[in-house]
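Residue numbers (the numbering used here), protein chains in the order written: chain A, 1 to 288; chain B, 289 to 592.
Note that these hints are calculated values from the structure, not bench results.
Among the hints, erroneous ones may be present.
[What the hints assert, rightly or not] Coverage of chain B stretches by chain A, computed from C-beta distances (three or more under 8 Å per stretch; other residues unrestricted):
id, region
1, 335-344
2, 357-363
3, 386-396
4, 470-481
5, 546-553
Glycine included, C-beta positions come from ideal geometry on N, C-alpha and C.
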Amino acid sequence: MSEAGVIHDIGYQRYEGQRLGRRAGLTALYVHGLRSSFGLGRSAKAKIFPWLVAGIMLLVAVILAAVRSQLGEVIFTYVQYDDQMAWLIIFFVAILAPQLMSRDIRSGTLPLYFSRPVRAADYVLAKFAAMVTAVWLLLGVPQFIMFLGAAFTTKTGARGVWNEFLDLAPGWGYSLLWAVLFSSIGLLIASLTGKQAFAAGGIVAVFLVTTPVVGVLSIIGSTTANSLAGLASPMTLIAGIGAWLSDGPVEMELPIGRFGPVYAIEAVCLIAACLLLLLARYRKVASL
Amino acid sequence: MTIIATEALTKTYGGGVTALADLTVAVDEGVIGLVGANGAGKSTFIKIMLGLVPPTSGALRVFDLDPVTQTDQVRARVGYMPENDCLPPDVSASEFVTHLGRMSGLPRTAARERASEALRHVGLYEERYRQIGGYSTGMKQRVKLAQALVHDPDLLLLDEPTNGLDPAGRDAMLALIHRIGNEFGISVVVCSHLLGEVERICDSLIAIEGGRLLRADRISSMTTASDVLAVEVSEGTDELATALTGIGLEVTREGRLLLVPMDSDASYDRILRAVADLDLSLHRLDQRRHRVAELFTAKEAADV
Numbered sequence: 001m002s003e004a005g006v007i008h009d010i011g012y013q014r015y016e017g018q019r020l021g022r023r024a025g026l027t028a029l030y031v032h033g034l035r036s037s038f039g040l041g042r043s044a045k046a047k048i049f050p051w052l053v054a055g056i057m058l059l060v061a062v063i064l065a066a067v068r069s070q071l072g073e074v075i076f077t078y079v080q081y082d083d084q085m086a087w088l089i090i091f092f093v094a095i096l097a098p099q100l101m102s103r104d105i106r107s108g109t110l111p112l113y114f115s116r117p118v119r120a121a122d123y124v125l126a127k128f129a130a131m132v133t134a135v136w137l138l139l140g141v142p143q144f145i146m147f148l149g150a151a152f153t154t155k156t157g158a159r160g161v162w163n164e165f166l167d168l169a170p171g172w173g174y175s176l177l178w179a180v181l182f183s184s185i186g187l188l189i190a191s192l193t194g195k196q197a198f199a200a201g202g203i204v205a206v207f208l209v210t211t212p213v214v215g216v217l218s219i220i221g222s223t224t225a226n227s228l229a230g231l232a233s234p235m236t237l238i239a240g241i242g243a244w245l246s247d248g249p250v251e252m253e254l255p256i257g258r259f260g261p262v263y264a265i266e267a268v269c270l271i272a273a274c275l276l277l278l279l280a281r282y283r284k285v286a287s288l
Numbered sequence: 289m290t291i292i293a294t295e296a297l298t299k300t301y302g303g304g305v306t307a308l309a310d311l312t313v314a315v316d317e318g319v320i321g322l323v324g325a326n327g328a329g330k331s332t333f334i335k336i337m338l339g340l341v342p343p344t345s346g347a348l349r350v351f352d353l354d355p356v357t358q359t360d361q362v363r364a365r366v367g368y369m370p371e372n373d374c375l376p377p378d379v380s381a382s383e384f385v386t387h388l389g390r391m392s393g394l395p396r397t398a399a400r401e402r403a404s405e406a407l408r409h410v411g412l413y414e415e416r417y418r419q420i421g422g423y424s425t426g427m428k429q430r431v432k433l434a435q436a437l438v439h440d441p442d443l444l445l446l447d448e449p450t451n452g453l454d455p456a457g458r459d460a461m462l463a464l465i466h467r468i469g470n471e472f473g474i475s476v477v478v479c480s481h482l483l484g485e486v487e488r489i490c491d492s493l494i495a496i497e498g499g500r501l502l503r504a505d506r507i508s509s510m511t512t513a514s515d516v517l518a519v520e521v522s523e524g525t526d527e528l529a530t531a532l533t534g535i536g537l538e539v540t541r542e543g544r545l546l547l548v549p550m551d552s553d554a555s556y557d558r559i560l561r562a563v564a565d566l567d568l569s570l571h572r573l574d575q576r577r578h579r580v581a582e583l584f585t586a587k588e589a590a591d592v
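Can you build the whole structure from these sequences, using the hints too?
Listed below in structure tokens is the structure:
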């Protein structure tokens, strides 16, 4: 400040620099969505819930890792960890999906997006990818902590670490399955309303309502019905696929019999249907 | 230079609602007023220009680009300010405008710099780190303008930019738009249903009604040789009218005002002398354009 108190009006400067294309907009939207999933770049209030959930999940993982390294006991496997955390994931999804989708509808920001190079498909893709990443990180990072706890105390050297990693990798895959299925359902419900509270309630309701259906189907007389009961709820659907892919952990309360592929097909169809409906909805919204 | 050219542009929505019918117009750069009543087709015209909805028939070129096939190139050069509320309450203006700058394809640092610049130009530099939820309506309108300006477009499409503003806010917004059009070198299309408002800042006007073109022309050609002087005195309006008629001026009364056609600069002196002679206190003596609205009504009447 050489001349204090003098205001220089340098006038309007044209922008001569680089202009990136549509893909850059998609990436920016993805990063923005992922950051705001954890409340970054937003108010302190927006940070409370995601970090509370993440904190609990990390704490559980640290305890599991500590028990594993000190006592050598495996309380939950990587896959079981996801199943045990199911309700926390549902709450996380129920808060996150409305933040990513309903918020833009509520505040009317969509016309601003769609008057820029991004298209409906880009928007849906970026939001979906951001949410999948957020949910996967929520599960994958604690699983990694559990892995570290086991890897550092292994008694068989590098081979033990590798074996442990071979256990972790399917766990990560299983987490990704959770993330993809729950994100697609959550985002679809959230895209229907601009009110975040309604959307959150709707998402929890879908999971709450479907759980008793599974309960009823699994105790009626027919074995086939029992085996297919898990199809009725997203949570048991994922558990069923997990059981099928890992050749069935016997202690699971849900016998899927030989219907494993049915579970997988339903999951794929469900995800595809949710994403297509989302796309159709935003195609319509994008034309304002 | 022609920036927007349409030829027989027609848009019919499903259900047979005709939003635009056979609209042919060529628009030069500058500040352009797009006027018409609510539902006249202004917003549809804007949406077609942005490539958001395809026209049913006819052709449209923006910067000689086709918004339907060259959407990205058009949108990179056009900034859009919607009519409705479109701001999230829980982020700062700086953060929000930066984000939209990146959505327009600016690299990270450039987006941040341009966002600060845009907010400075609309007069929100000091407040830019505050959350938008705490802003007044006038400030929100400025944020909306800033986000349209952030990627340095060549054309701004402003849909009812003075909506919800008080008279002072309207004047400030109109002055800002005038500045953008004249000092920044950016052409501006201002949509409004208030003709009296946009005629003050526009170089040319497009008037549409029921999706049809009413008239498109430069303001200067609409208002030539129609300047009048408006005189207002505290009392004794009648005496002044008589006195002015006495010295050979054509006087019409409009409420408390006397309107005198301005033949030459000498008209000022003659009126002033008449006022002084009568020893009246002069409140106002200013040059006034014929209101463009009168021209439109005259034209419409002629059409019928």
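Hints, one by one, checked against the model:
no. : hint    : result
1   : 335-344 : holds (count 4)
2   : 357-363 : holds (count 3)
3   : 386-396 : holds (count 8)
4   : 470-481 : holds (count 3)
5   : 546-553 : violated (count 0)
Checked against the numbered hints given earlier, the structure breaks only hint 5 and satisfies all the rest.
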